Amino acid sequence: MVPGDGEGAGTGLEPRSQHTQPSSPHRVRIIDGTLVCLARHGTLKTTVDDIARQAGVSRATVYRVFPGGRDEVLAAVVDTEMARLFSDLGVRLGEATTLTEALVNGLVEATTRVRGHAALAYLVENEPEMVLGHLAFDESDRLLSTASRFVAPFLARWMSPAEAGRVAEWATRIVLSYVIAPSPAMDLTDPVRATHLVETYVLPGISALHATEVTAAIDITPFELERNTPDRRSDRHDSNRYVHTGHTTNTDQGDRT
Amino acid sequence: MDDTRQRILESTYTCVARWGLAKTTVEDAAREAKVSRATVYRTFPGGRDELISAVVAWATYEFFARLYQQVQGAESLEEVMERGIMFAHRSILEHEVLQRVMQTEPEKLLPTLTVESNRIRQGIAEFLVPYLEHRGVADGVDLVEAADFLARMVLSYMSAPGRWDLDDPDQVAQLVGAELLAGVVAGPESGPDGPTSPQAGPIR
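Sequence lines, in order, name chains A and B.
Take any residue in the first sequence, count from 1 to its spot, add 9: that is its number in the working numbering.
Take any residue in the second sequence, count from 1 to its spot, add 1216: that is its number in the working numbering.
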């Protein structure tokens, strides 16, 4: 169920440092060793020597795998951790059997992983400028784009690809907002709270988006419905498919019973 | 805020506009404000770091004060949000000093913005509460929680439009209607179940 499995054209998740075999065992050890160092004392005090020692390799090996040195290692760490997060997120999204479950799983997984990330937590606390540069304005746009392109196919089981893209971006915004500035009353690592948020704010919004997409766009409804047919076995009763808010104006077949 | 502090902050802002955050010193601020260095240090005992943080905070509050002025005349919740998002988006893009600082030295700016973000969000939420009350929230929606959620979303779109064209009033209306207000307001056409979804219970 994981989309874009090595199928080439950029998910935007390919590692930026292409100097070595991606599956080199040294590479992974060096990256994981760096993560330990970062969690312990951040970027400023993490040298190639520290990294080598923690990874159990020689300095020479670090430079062989990452000729660009420390900066290249740090860039690779970011890429790898992002890829790992998306991979685990994909598993949780793929496990979901309803739209609500997908959204809740996604919010809980992403929030939990980011909040629990030791190296990230250290940096946010002690070197905020390192992290925040990647979260503001243009960088945020890029992150939204990457995340939504990854998540959208999982949501398209229940809506058109265009809507899935919008909803995926929206879900990413929600995660970012609550991760950067947590609210005690809305702890998204808690499935109960995440469900409350999804049911109260997100599902009605998805309905509304669907209604406006149908009326505003060129009518390609027959094609969309055909595409979704294999999933619709028991969908007549699956009220997750298009959540009804009591005023149905669209033409889909997800009838309420 | 007393006059001296205000004057120093405005002057510091002028220096930042001219030279950027990194190159603005206490001396520059003092000279521009026509006060002594001692006065600056007395007003900002934490020195240059405190001065820079203070000017960022001050500029941020000025931004929102102007924004609130722009949307004051709005009559409905929808209008206040649509106007707010459009104005904020434009203002940020056209804010020369902010844009320059973001390009050249974001790491100086962002920690302060993040520290202030809770207060900013609270300010937006408090601003929205009367409009929410007037409009009426859907059954089972907590007013304070909804206001906080809306404030979060507004800040998110302001800082990163994503796939939305925030200069297009139709798109902004769609955005506000769907991603912001759909679950929050008591709809005019609520069915027997109200605006909540006919889901089975929470997912465990």
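Don't read these hints as lab results, they were simulated from the structure.
Accuracy of the hints is not assured; some may be wrong.
Here are the in silico distance ranges between beta carbons for each label pair [claimed, not checked]:
hint: 1; chain 1: A; residue 1: P34; chain 2: B; residue 2: E1342; range: 53 to 59 Å
hint: 2; chain 1: B; residue 1: A1233; chain 2: A; residue 2: D80; range: 29 to 35 Å
hint: 3; chain 1: A; residue 1: E104; chain 2: B; residue 2: D1355; range: 43 to 49 Å
hint: 4; chain 1: A; residue 1: N135; chain 2: B; residue 2: R1351; range: 51 to 57 Å
hint: 5; chain 1: A; residue 1: A194; chain 2: B; residue 2: G1262; range: 41 to 47 Å
hint: 6; chain 1: B; residue 1: A1254; chain 2: A; residue 2: V201; range: 53 to 59 Å
hint: 7; chain 1: A; residue 1: S67; chain 2: B; residue 2: Q1319; range: 37 to 43 Å
hint: 8; chain 1: A; residue 1: K54; chain 2: B; residue 2: E1295; range: 36 to 42 Å
hint: 9; chain 1: A; residue 1: R62; chain 2: B; residue 2: Q1319; range: 48 to 54 Å
This one's a predicted model, so the numbers in the text were calculated from it and none came from an experiment.
Idealized CB from N, CA, C, for every residue including glycine.
**OP:** Please name the hints from earlier in the document that this structure breaks, with their numbers sorted from lowest to highest.
**Re:** 3, 4, 5, 8 and 9
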